[in-house]
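Now for the letters of each chain:
There are 2 protein chains.
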Amino acid sequence: MNESKSELGQYLRGLRTKREETLHQVAKGTDIDSPMLSKIERGERLPTSEQLKRLAKYYNISEESLKVKHTAEKILKEFGANETTYNAIQIVNEQLMPYATKSKKK
Amino acid sequence: MNESKSELGQYLRGLRTKREETLHQVAKGTDIDSPMLSKIERGERLPTSEQLKRLAKYYNISEESLKVKHTAEKILKEFGANETTYNAIQIVNEQLMPYATKSKKK
Numbered sequence: 060m061n062e063s064k065s066e067l068g069q070y071l072r073g074l075r076t077k078r079e080e081t082l083h084q085v086a087k088g089t090d091i092d093s094p095m096l097s098k099i100e101r102g103e104r105l106p107t108s109e110q111l112k113r114l115a116k117y118y119n120i121s122e123e124s125l126k127v128k129h130t131a132e133k134i135l136k137e138f139g140a141n142e143t144t145y146n147a148i149q150i151v152n153e154q155l156m157p158y159a160t161k162s163k164k165k
Numbered sequence: 060m061n062e063s064k065s066e067l068g069q070y071l072r073g074l075r076t077k078r079e080e081t082l083h084q085v086a087k088g089t090d091i092d093s094p095m096l097s098k099i100e101r102g103e104r105l106p107t108s109e110q111l112k113r114l115a116k117y118y119n120i121s122e123e124s125l126k127v128k129h130t131a132e133k134i135l136k137e138f139g140a141n142e143t144t145y146n147a148i149q150i151v152n153e154q155l156m157p158y159a160t161k162s163k164k165k
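Top to bottom, those sequences are chains H and Z. For the first sequence, this note's numbering assigns the number 60 to the initial residue and increments by one for each residue that follows. For the second sequence, this note's numbering assigns the number 60 to the initial residue and increments by one for each residue that follows.
Be aware that a few hints might be false.
Repeated chains share a single entry, so a pair holds when one copy, or any two copies, can fit it.
To be verified - No farther apart than 20 Å at their CA atoms in a straight line, the calculated lysine to any residue pairs in the SDA-like style are these:
| hint | residue 1 | residue 2 |
| --- | --- | --- |
| 1 | K126 | Q69 |
| 2 | K77 | R101 |
| 3 | K136 | T76 |
| 4 | K133 | Q149 |
Bear in mind the hints are in silico, worked out from the structure with no lab data behind them.
Hey, can you work out the whole structure from these sequences and the hints?
In structure tokens form, the structure reads like this:
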């Protein structure tokens, strides 16, 4: 689980430290206990959808941007950082091309 | 499960029909029963690792190439064909860049 750094965790930690807040403050504001928040920031746990929603609201950022990072992390954790996964996502990328256009239009 | 066509299934069906073989012939040669083979070809089931290995051996193709298609399919099935998945794999792609170089060297 710890083989690669958690981008989502680092991002969340970055949001918190920029606001100069402690884990306890964020815990209070999100109703996610601070040991759990710490694990999420260190990439030892992936937040649930509900936790993602609360974190997005708390930090006033789009839930979608957190979901994207969350999905990326899940893919890496489940399939591993290796050549097979790399080659597989090239296929996925091709199949999801319609969504690339959609994304650019927004 | 059937929202997108199975690339792996189509590929396997292509291999079989090119050889002008029936499901029964492949079933006999791989020891995977023909209803299961049919489901795999139609994308209704994803083959197990063991089944992938046997199919690769039977068709005399690299197990890795089947694994790549298999992983791509699993990603699409698990996370869905949508904009979030598309954006997530852009992140994964960046993180797996070292494996791209490795792949080209081979």
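> For K77 vs R101, is the C-alpha pair at or below 20 Å within one copy, between two copies, both, or neither?
Replying inline: within (17 Å within a copy, 51 Å between copies)
>> My question is about K136 and T76: at a cut-off of 20 Å on alpha-carbon distance, are they close within one copy, between copies, both, or neither?
In response: Neither. Shortest intra-copy (26 Å) and inter-copy (36 Å) distances fail the 20 Å Cα cut-off.
> Should K126 paired with Q69 be assigned to within, between, both, or neither, using CA atoms and 20 Å as the limit?
Replying inline: Within one copy only: 14 Å inside, 31 Å across.
>> At most 20 Å between alpha carbons: which applies to K133 and Q149, within, between, both or neither?
In response: both (17 Å within a copy, 13 Å between copies)
Comparing the model with each numbered hint stated earlier shows that hint 3 is the single one that does not hold.
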